[in-house]
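Q: Dock the two chains into a complex; use the hints.
Residue numbers (my numbering), protein chains in the order written: chain A, 1 to 221; chain B, 1 to 407.
Incorrect hints may appear among the rest.
Each computed DSSO-like pair below joins lysine-lysine, with the alpha-carbon atoms no more than 27 Å apart [stated by the list, open to error]: (1) A:K41 with B:K58; (2) B:K287 with B:K299; (3) B:K340 with B:K319; (4) B:K111 with B:K58; (5) A:K41 with A:K10; (6) A:K90 with B:K111.
Quick caveat, the hints were computed from the structure, so don't treat them as lab data.
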Amino acid sequence: MAELDETARKLTIKLVYYGPAMSGKTTNLIGLHDLLSPDLKGELMTLETQNDRTLFFDLLPLGFRTPIGWLVKFKLYTVPGQVVHDATRKAVLSRADGVVFVADSQRSQGVNNAESFQNLEENVRRVGLDFETLPLVVQFNKRDLPNVLSEDEIRERWSAAPWPLVMASALTGMGVRETFVKLLEAVYPALDRSFSLHQTMGADARSFINAATGEPLGNPR
Amino acid sequence: MSVRGYDRALSLRELLSGVAPGKLSAALTVLLGAPARIVSADGGWVMDDVPALIESAKRLPLVHDLEIAGFLETTAADQGHVRAIAIILESFMRSGARYFMASEMHIEVVKTDFEELQRRHEALTASEARYKALSAHLEERVKEQVNTIESARRQLYQAEKLASVGQLAAGVAHEINNPIGFIRSNLSTAQSYVQKFQHVAERVKSSGDAALAGAWQSADLDFVLEDFPSLLQESVDGADRVARIVSDLKGFSNVDQAGEEIVDLNDNIRSACNVAANQISNRADLKLALGELPKLRCKPGHLSQVFLNLLLNAAHAMKQRGEILIQSGVENNQIVIRFKDNGCGIPPDILPRIFDPFFTTNDVGAGTGLGLTVSRDIILAHGGSIEASSTTDAGTTFTIHFPIRNT
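Here chain B stands alone, though its shape is the one from the complex (with noise of 0.2 Å):
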């Protein structure tokens, strides 16, 4: 096994070379006063390549590490002398191990210190890559969050705003209920009165008197008769109709109970239709054109609230008179409603935004811009989705998709 580094054998050679060969042997020779020179311990090197000396010339040994490094050949006869030169040159030698041996030892350490340094360096990159990734990756997850905290912030808002609308229109409703009953049943009890004079009236007419006659005649009677019942049949129509926008008015109302109910999509609609009834009236005429929906499972308070968002902006786009079609039906395996009006159109610059919040064209204080996009939560919350086409003064088509599930 041969040891390498600080702690291998070194050669006679290795441990002199920090002396200059030519002057030491030169020094050698003057101190000696006869001819010396260095060899190695197996002849193989001469230190400053001496020439041999004669055979009766004397070797001392040098010892190094314990062990016979080489030898001082002299053919000088004082021993003391000569014994002197080789303590003095076994210190050269130390000397000389002593420097490789310092040199080596900083060689490895310095190696094992850099490859530490670089282990470290890779670490450090390593982690540092690991932390960008993290940063750019927490970004992405605070976007997702304010995302879904602003989704939920309008959801919130709107859900404020139809609960305290709800309750105003709950509570109309009731008072309107009561009153409205006793109107409709004493219409009723007034009908069957009217009849009762109409029989009365012909035996008043038939009686011959002729004073009853001409009283009847000039307070036109007949007249009063014949028009009492069609008056108070339109009442009761009217009471009757008072009373159904009632109904839908509580039906609509309920969007503060969130529950979720199996209802057919088609009724919403027509609810919708009564309660936006009085402010369509008078800017277009609405077609329905519904088809029969499976029934879905759903928060019909809030698709409600949809339907009439959608039907108060068609309304709004007319700028004259104009239609607004209601279509609904199943097309590849999903419900589809459609709601398309011929008026002003969306021009294609706005249109990408109409979805977006507090985007509005209305006047400052007129619409808070929400309409549509909390339209477009609720449907992308019942798992569904809403587009919008249009043609600038032609008119304008929202087309919404549910997906039927098996409930």
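Chain A on its own, in the form it takes in the complex (with noise of 0.2 Å):
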């Protein structure tokens, strides 16, 4: 649930990079900060042990001002993927506003994949989230390697969900930001029916998600 400050006019989004072990979330972070030029970048804060897992979490903060002066910060989590670090997921997870669940797209990882999206399930009902609304975006990371699932196949098996799916390659860059626009254009409906983004802070569904990644103008492409 987002943070808001009114005293100060700033309201804190908090979303999560969620998935199985070396599915690519800190590389998609690394990504981000690459790729977006918003108003308000910070560095990537890392937590990571002396082999490059996450121990306990990246964050990536951004944000920028509205036309009217509130301050709206993003801070990007990600999870340790690592099965040991679940009570970490879930400290990570509580609150949060929106979820990127980042699966690997080769064809030896299917079973992680599914385990990872069903200890999302759950640790999302145990913080006290509810799972039918929140707002979710789905990517297949790691399309630049050789052996993963084609497309067809991932939009085939997931024809059923309702969440957006994303193909990405976070190494090169390509999805990243598709991605993480996905996730604002799912994020701000409830984020404006909570805080009224546009009356109060005149900010709307366009603006929010062009100011976030850094498009002054046209689409966020």
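A: Set out below in structure tokens:
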């Protein structure tokens, strides 16, 4: 749940990149840091072990000011993918406003993806969120690798699911911004309902997404 | 909404808590070559309580997490230097934030892990208790089953014994029945023949033939004719008795026909007495005081076996000739049958054990020690009960109760 500070005229939005170990969640944040140019962009803070595995989380702060002076802050977190860190995943997921599920497209990773997605569903409920209404985008990462599921196969398998699917290669930056934009599109309506982003803060959906991604004009593409 | 934990907003003071304020303050002054101080964004906190600088001092924002957390105030002129110092300070702040978030997350994770462990521990304790209860119950169940099997085994053993005895008895009875039949019939015919001789005797004696009368006299045929009918009568009586015993034996040996019948138990008591009569007669006098009994649905062969058992036990208890009294009647809506003897009695230390399987006071080989056990099993199977009371050297009484059911 986003945090509203009316005296400081500040809204803090929490977005979480979830998924199995080594699926490229941190690489997504690195890509966003390089690709986006919003008004305000912090450094990527990583809390990792020596072998580059995320220990607690990574954090990338982004933000912009609305035309009438509200500060909208995004805190982009990743969870540790390794199974043992479930308590940490739960803690990071609590109060999330939206989730990107980063799946590994390699054929060998089907089971890990499924287990992690099930774990996401369980943890969403355990931290008191509603899985039916939680804004969620599913990203199939590592499209650049050989021996991956074809896009048709993936879309066929997920055809019954209500969430947007994005093909990505976080290492090359492909699909990283698109994933983020899809998430913002999914998150905006709920935030607008709760905090009247448009009326009170002067940010309609288009300008909200443009400002968050650093596209001053035109379509956020 | 105030957010606690690892993702809460941190103050400048918290962000710089990892560095020694005095040393940092002194180092800043040295590096900048001019007075400097670090102030929080709202001015409420000044590092190392450095006094305010002159009005013309410059303020450089210190940004953390996209927001201005505080200012670096200095009178130093070299802007390049000042900016470099600000970058170093922001690095300190980031490092402080990293430490804060990691430690808060660590605490949160440890807490949930601990709670999870406790939850599992409780679940394990509960499941252990469940298994303990189950295992205790299991022991009881096994004991019950063992008892059931033991009792079934005893009944089977006795039933087989009775069945083979019954078959033998039935065979013998059948074989005796035929000869006793023609013996009895022949004896009756013989009696009528003797009557004919008696008619002829008068004529022979009154015929006046001296030689005939002499021969009559010398053969003492008067006595023969007088004694013959009573001899035959005794033989008839004897044959009748044999026939009755055979019939009782046949009825008694019906144990292999284990079906239920509706009977008067007094009949079974009498038949048991007849079968045992020979073994009892030289040891004790048998008295029956049988009251009227309602008919009972039961397995008569089995109950006859019980009665025979008690009778023989009573006979064996006689050191000298004694008396055995069998009473039957209805008391408190129950059939009550008592076997009283005035034999040697049962010592008090043995009395509680007499129904235990394989408990016997007889010499090895003389008895299996199953008689009373099986008797009790049979009575229990009929929904009845059996108790023994005894006084040493004065006698023993076995009392059997059967519930009266509306048949």
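Q: Compare the structure with each hint and give your call.
A: Verification of the supplied hints:
no., hint, in the structure
1, A:K41 with B:K58, "25 Å, holds"
2, B:K287 with B:K299, "25 Å, holds"
3, B:K340 with B:K319, "15 Å, holds"
4, B:K111 with B:K58, "46 Å, violated"
5, A:K41 with A:K10, "16 Å, holds"
6, A:K90 with B:K111, "12 Å, holds"
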